[in-house]
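Chains A and B are the protein sequences, given in the same order. Throughout the first sequence, residue numbering follows our numbering, covering 2 to 260 in sequence. Throughout the second sequence, residue numbering follows our numbering, covering 334 to 661 in sequence.
Don't read these hints as lab results, they were simulated from the structure. Because the structure is a prediction, the values reported are computed rather than measured. Ideal placement from N, C-alpha and C gives every residue a C-beta, glycine not left out. Errors might be hidden in some of the hints.
[Stated by the list, open to error] A partial selection of chain B residues facing chain A, derived with a Cβ cut-off under 7 Å:
# : residue
1 : Leu539
2 : Trp542
3 : Val546
4 : Met549
5 : Asp551
6 : Ala556
7 : Gly558
8 : Glu560
[To be verified] Where chain B lies over chain A, by a calculated footprint (3+ residues, C-beta under 8 Å):
#  : region
9  : 108-115
10 : 225-238
[Unchecked claim] Taking beta-carbon pairs under 7 Å as the criterion, some of the chain A residues facing chain B (in silico):
#  : residue
11 : Gln83
12 : Pro87
13 : Pro88
14 : Met99
15 : Ala103
16 : Gly133
17 : Phe206
18 : Leu221
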Amino acid sequence: MLEARALSIGHGKTRVGSGLSLRVAPGEVLCLLGPNGCGKTTLFRTLMGLLPALAGDVLLGGRLVTALTRAEIARRIAYVPQAHAPPFPFEALEVVLMGRTARLGAFGQPGRTDRATALDAMDHLGIADLAGHNYAQLSGGQRQLVLIARALAQEAPLIVMDEPTASLDFGNQAQVLSRIAALVSGALDDGRSVVLSTHDPDQAFALDARVVLMHRGGILAQGAASEILDGPRLSTVYGMPITVETTTSGRRVCLPAVT
Amino acid sequence: MSRPALPLLLALVLVLMAFGAVMVGPFGLSPGEVLRTLVGQGDPQARIVIWNIRLPRVAAALLVGAALAAAGASYQALFRNPLVSPDILGVSAGAGLGAVAGIFLSLPVAAIQASAFVGGMVAVGVVTLVATAVRGADRTLTLVLVGVVIGALAGAATSLLKVLADPYDQLPAITFWLLGSLASVTSADILPALPAVLVGLVPLTLLRWRINVLSMGDEEARALGVEAGHTRFLVIASATLVTASVTALAGVVGWVGLVIPHVARMLVGPGFGRLLPVSALIGAGYLLAVDTLARSIAPVEVPLGILTAVIGAPFFVVLLARGRRGWS
Numbered sequence: 002m003l004e005a006r007a008l009s010i011g012h013g014k015t016r017v018g019s020g021l022s023l024r025v026a027p028g029e030v031l032c033l034l035g036p037n038g039c040g041k042t043t044l045f046r047t048l049m050g051l052l053p054a055l056a057g058d059v060l061l062g063g064r065l066v067t068a069l070t071r072a073e074i075a076r077r078i079a080y081v082p083q084a085h086a087p088p089f090p091f092e093a094l095e096v097v098l099m100g101r102t103a104r105l106g107a108f109g110q111p112g113r114t115d116r117a118t119a120l121d122a123m124d125h126l127g128i129a130d131l132a133g134h135n136y137a138q139l140s141g142g143q144r145q146l147v148l149i150a151r152a153l154a155q156e157a158p159l160i161v162m163d164e165p166t167a168s169l170d171f172g173n174q175a176q177v178l179s180r181i182a183a184l185v186s187g188a189l190d191d192g193r194s195v196v197l198s199t200h201d202p203d204q205a206f207a208l209d210a211r212v213v214l215m216h217r218g219g220i221l222a223q224g225a226a227s228e229i230l231d232g233p234r235l236s237t238v239y240g241m242p243i244t245v246e247t248t249t250s251g252r253r254v255c256l257p258a259v260t
Numbered sequence: 334m335s336r337p338a339l340p341l342l343l344a345l346v347l348v349l350m351a352f353g354a355v356m357v358g359p360f361g362l363s364p365g366e367v368l369r370t371l372v373g374q375g376d377p378q379a380r381i382v383i384w385n386i387r388l389p390r391v392a393a394a395l396l397v398g399a400a401l402a403a404a405g406a407s408y409q410a411l412f413r414n415p416l417v418s419p420d421i422l423g424v425s426a427g428a429g430l431g432a433v434a435g436i437f438l439s440l441p442v443a444a445i446q447a448s449a450f451v452g453g454m455v456a457v458g459v460v461t462l463v464a465t466a467v468r469g470a471d472r473t474l475t476l477v478l479v480g481v482v483i484g485a486l487a488g489a490a491t492s493l494l495k496v497l498a499d500p501y502d503q504l505p506a507i508t509f510w511l512l513g514s515l516a517s518v519t520s521a522d523i524l525p526a527l528p529a530v531l532v533g534l535v536p537l538t539l540l541r542w543r544i545n546v547l548s549m550g551d552e553e554a555r556a557l558g559v560e561a562g563h564t565r566f567l568v569i570a571s572a573t574l575v576t577a578s579v580t581a582l583a584g585v586v587g588w589v590g591l592v593i594p595h596v597a598r599m600l601v602g603p604g605f606g607r608l609l610p611v612s613a614l615i616g617a618g619y620l621l622a623v624d625t626l627a628r629s630i631a632p633v634e635v636p637l638g639i640l641t642a643v644i645g646a647p648f649f650v651v652l653l654a655r656g657r658r659g660w661s
């Protein structure tokens, strides 16, 4: 579905990462894990063709991403940016409807079926009641869910989420994460894949995802969270002693050493 | 109010206002006289006043107001900034320089209009080129800043021409034009501007959904499937064509493109499909009212640009003081 081959990423002459090879299979959840500033966002932007690769190739459904138009890419990858405030007070439903753009002609307007799809997506995430609300006045967690609904309405086989819980408080983080977990288990049934980035290893455990562990602009390890996320690797990546422990309920958590 | 009702209501108000504006003036006319003349009867004097003076002026006010407000709404959506207007990108300043150069060279009226249009387009072209050459910075901010710089340059060149101009013949004409006025407008002036404005409005109308998407920012718009660069260029060129055409007709009339889209957004929200027509309708009504005031409150014509500034500036201060609620 998505494949990166020996990718070098960066802005202009500043190289952020290199030798990045990864592959996303249909129906898979892939978690891109690494500390802040390790190049996760840059990698995402390169994967979506928003930023030219410095070297290497990105293949989307077997075709080079550089050979696709923006609309063709948008029909293959839906992007969930970090929650933001738009300059104008659009209704939440209007924001979700923007996900339909790649399916409309250049001069097209979203119609009745597009509205139905958008409302469906919001319903799926349990935020149908926000449809008529001013997006700019929603909480950070609600905005993030609206952006995820927009990605669902885009009906792309691959959804990419850039740190979906980064700017949220503790309660909102847990809420958004549980909705993503529900979405992922549902979405996987119809073969959709989700790639999300996070700096929090606990989230990779919570989602039971395959993990690409990034370190210093390269990939340190790839594999199931339960297999590759151990104390030594996490300690290397985050630059401080970290232990992985199992709670009595059987869930794994990461504990940084606090001295 | 139901969705189609507001534009219809505004259009109706506009027709009534236009009718009223035709009656007002030093040669007062009753509603009956206006109606009789419009259907081809009435006395010859009323016919000349209505067909040769009042109607062209009313039509010009409607056209200029609608065009400036529509262009302002487009620029604001595109630059994701409710505080920008046709004055950014140096469009107004470029068109002003073009027209002043035309007056300075004693060109005929049509050539002055063409020269204003060329000045506006050149200004926006230079701004876009320079802003593209400056890489790395925030693109929108760069565009706006370069617009200010080019606008200042054009302003300096305009001042130079004013110093060099013949103080008895050209200077008053230049000054009057820079203040904006519809005092001497005739049907022959409107005819070239009308099709240019309509041509500019077509892409703005067709691209109304994509303009919404672009107001989320270039990168997000691209991720949603919009070729942001091409679309942005097309919208800027169209809005500039609209602005330059009416600047050539009416001179520099500020504030309309800044203030009116705010009022429209308060009424119908930011969705461009509704914002564009409602902005145009309110802009048309606003400028008609202001122009009618300009020619009737004093024995001497008050330049339009002075009135729109006197009304627009305090309104804008109120908007600012109310904070973001002013545009949310």
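Each hint tested on the structure:
Against a cut-off of 7 Å between C-beta atoms, the interface hint on leucine 539 of chain B holds, since the closest Cβ of chain A lies about 4 Å away. The beta carbon of tryptophan 542 of chain B comes within 5 Å of a beta carbon in chain A, closer than 7 Å, and the hint placing it at the interface holds. Below 7 Å, beta-carbon pairs count as interface contacts, and valine 546 of chain B has one with chain A at about 5 Å; its hint therefore holds. At its closest, the beta carbon of methionine 549 of chain B sits 6 Å from a beta carbon of chain A; the interface hint therefore holds under the 7 Å criterion.
Hint status for aspartate 551 of chain B: violated, given a least beta-carbon distance of 9 Å to chain A, over 7 Å. For alanine 556 of chain B, the interface hint holds, the least distance from its beta-carbon to any beta-carbon of chain A being 4 Å, beneath 7 Å. The beta carbon of glycine 558 of chain B is positioned within 7 Å of a beta carbon in chain A (closest approach about 3 Å), and the interface hint is therefore held. Proximity of glutamate 560 of chain B to chain A holds as hinted, the smallest CB-CB distance being about 5 Å (cut-off 7 Å).
Counting residues of the region 108-115 of chain A whose beta carbon lies closer than 8 Å to any beta carbon of chain B gives 4, which meets the minimum of three for the stated coverage. Counting residues of the region 225-238 of chain A whose beta carbon lies closer than 8 Å to any beta carbon of chain B gives 0, which falls below the threshold of three, so the coverage claim is violated. Hint on glutamine 83 of chain A is violated. Least Cβ distance to chain B is approximately 11 Å, over the 7 Å limit. Hint on proline 87 of chain A holds. Least Cβ distance to chain B is approximately 6 Å, under the 7 Å limit.
Checking proline 88 of chain A against chain B by beta carbon gives a least distance of about 4 Å; that is within 7 Å, so the hint holds. Taking 7 Å as the C-beta cut-off, the interface hint given for methionine 99 of chain A holds, the closest approach to chain B being about 5 Å. The restraint placing alanine 103 of chain A at the interface with chain B holds, with a minimum CB-CB distance near 3 Å, inside the 7 Å limit. Hint status for glycine 133 of chain A relative to chain B: violated, with the closest Cβ pair at about 11 Å, above 7 Å.
The beta carbon of phenylalanine 206 of chain A is not positioned within 7 Å of any beta carbon in chain B (closest approach about 29 Å), and the interface hint is therefore violated. Because the beta carbon of leucine 221 of chain A sits about 28 Å from the nearest beta carbon in chain B, more than 7 Å, this interface hint is broken.
Of the hints listed earlier, those the structure fails to meet are numbers 5, 10, 11, 16, 17, 18, in rising order.
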